[in-house]
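Single-letter residue listing:
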Amino acid sequence: MKNPSRRDFLKLAGATGAGLLACGAGSALANEGTQINNEELGMLYDATKCVGCKACMASCKRVNSDYGSLSYEKAKFDSDGLWDAPSDLSGSTRTLIKLFKESEQRWSYVKYSCMHCQKPSCVSVCPVSAMTKEKVSGIVDYNKNTCIGCRYCQIACPYNIPKFQWEKALPQIVKCDLCKATNLREKGISACAEVCPVGAIKFGKRKDLLAEAHQRLKDTPDRYLPHVYGEHEGGGTNHLYLASMPFNKLGLPDIKPEAPAEFSEKIQHTIYKGFIAPVALYSTLCFIAVKNMKKHQGHDGHDHNKEEK
Amino acid sequence: MGNPEEYQKLEGKIFTKSFFILLSVVLLGFYFVGVRYVKGIGAVSNMSDGYPWGIWITYDVATGTAIACGGYAVAILVYIRNRMQYHPMIRSAILTSMFGYGLAGFSVMVDLGRPWNAYNFFIPSKWQANSAMFEVALCVMAYSTVLILEFLPAILTSIEQSKWERMNAVRNWLHPKIAPDQKSMQDKLEMVRLGAIWLKPRLNKVLIFFIVLGITLPTMHQSSLGSLLLIASTKLHPLWHTGFLPLLFLLNCVFIGYAIAILESIISSYSFRRPFETEELSGLAALIPFVTVIWLSVVIGDLAYRGQIGAALKGDFYSGWFMTEFLLVASGSLLLFFKKLRKSPRWLFTSASLIVLGGALYRFNVYLIGFNPGQGWRYFPSFAEVMITVGIVALEVLGYKVFVALFPVLPNTSAHGGGHAPAKKAAAQKGKKASIEVQHAPVEAH
Ligand code: SF4
Ligand code: SF4
Ligand code: SF4
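Line order of the protein sequences matches chains Z and B.
Numbering-wise, the first sequence is residues 991 to 1299 according to my numbering.
Numbering-wise, the second sequence is residues 20 to 465 according to my numbering.
Don't read these hints as lab results, they were simulated from the structure.
This list has only true hints and no planted wrong ones.
Straight-line Cα separation of at most 30 Å, DSS-like style, residue types lysine-lysine; simulated pairs: (1) Z:Lys1091 - Z:Lys1039; (2) B:Lys219 - Z:Lys1285; (3) Z:Lys1239 - B:Lys333; (4) B:Lys145 - Z:Lys1170; (5) B:Lys36 - B:Lys420; (6) B:Lys58 - Z:Lys1134; (7) Z:Lys1044 - Z:Lys1197.
Just chain Z, with the same shape it has in the complex:
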């Protein structure tokens, strides 16, 4: 048997990698960039105003109970199941207030819930369109009747927001949908913002929230870190944050302005654009394979053992 030569190998690499070699880096394509739509709905959470009363959590559970977020969680110490004391977002908790303590003097509350990204990773990866972003409101919504439970949205979300009901035989994904089908529809405001006693949560259009946030930064600069979290993070989010402590300490990750979905889709699109590469690959390979087989039958006719079809 002949040893394969370098040239043979290149033929192989050329044939199988057609196109893929070139687009692996994905840097060739121009970046369309995320178009930020400031008309979308969102919330502004001001950590310096929040008093940690958790009224928003309770309200969220009460209002959205039919949508999988009520079922109270037993705390570890609670054998009778009387208390609801979630320690993190979960398959029954859409929003949560946490207290971060750096020292006795420096601490801050922080509220977790879906950020309603401008270019949501969860929507980008969902294989069956169970996660969708509404055109007008910008709400990132989940449809349990389509979801196959692959949990790719959980892998993809940089904020670790979508949660899965691990303990259920018929589980679903749970995350904030801005009270789309409940409080928002009935009262035009999210349940958490509605009940907040100190106005730490402001509900409205992104452009108004941004203006408000920058106004507060200007009026009382001592109170805040000079940064509106979510304005640019990950392509921008509709849930915005103000705080006095570094956001990554509050559990909000440092994310580059480019949306993660922007990066991955760019590469995916380069490879599959109009399905040209796969079709070209298939036809090239067919051509080579059929030719090879013909050649083989012609030349090796004497070797009956090897004859093909």
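With the hints as your guide, set chain B with the ligands onto chain Z.
Relative to chain Z, chain B with the ligands alone:
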């Protein structure tokens, strides 16, 4: 595919001791699958909202399908590189792929939280072409079908020549309560046989187009398996998160595929007491370094380009795993540069194992080890989770063992006796007559 003399059934009993050991492992795995469906995924696995993908996705799907790429890798060699002398290896490689992919599909159904909604993959309005997973899912489904078609000739050959001893034995055992009477069953079976005879030449005519599809589809979905993690830019460690993920996964499955074809041949030669196919294997082995060298250079080049070489050499947890993966693949390929080592089944086995381990570790690194969702999350597979995976692997081995006995899969030893017949041509001619006898040997009598 090919003349009947090229392949033979394996003679011997099916119900051996190892069969029952494997079967009990499979049953244990399936017990836990049952628990999972009744009590939810959380009841059997340690997966969490931080680590929503555990070893089922990492091993069964991402790694298992790469290991199942033997059929893909050998098909490229035979049909694209025009190395028809590797043809005898293709059926067993395709059989392994068939089980590998079939069971990856099965384990996805265990892993999916809402599998009853999976039909949405076939509803165009639900398609989400941005999702790498959508691409993977469709490709894998299509490829599994193609694999069955590719394997069909072996089954058809078997049906053609079948005297239905086994079937009749079963029937006699069931008779007279549930089984139909001898005559009508015989007629029906004859119909099946005639159908097979009718179908085979027609299938053979178009088979090449399916074979090429069987090369295109893995090219697509194996690279997309890398794309799946592209989006996790904040979670996957920079040692592994790169725009080259699709390319690296593609190359990775090719060298794993060849290494696995080697391992599989050596192991089945050893355990079925057949001569080693040293000639073919050393030829395959010579190919591996070409692929691994590209893979290794892309890895290094990309790290250098992104300024991550320091992180690779840092000596911490991540760099440790990275170095292990890298050195396994590199040392395995280094061995294969020596012609002498390539001729020894023992060294072939060693280097192929190193490469498979390193290649598989790469996929584990990307999917699990290098994946860090943030503070406080930890994942280590639970016993039940591992047993489900082990059960699935056991089922693969079991299926392989049964299939090589039922269908002509393995290369005909008299026609392709690598180790024992150095002069291949002569052996092929000499063996031709004998091989036909082997083919017709009544293995089904047991
Ligand atoms: S925060 Fe996560 S779940 Fe919410 S829209 Fe963004 S990516 Fe989706
Ligand atoms: S778990 Fe459901 S919502 Fe999330 S990506 Fe999968 S199918 Fe979509
Ligand atoms: S907007 Fe509604 S669903 Fe979202 S956290 Fe607030 S109350 Fe809960």
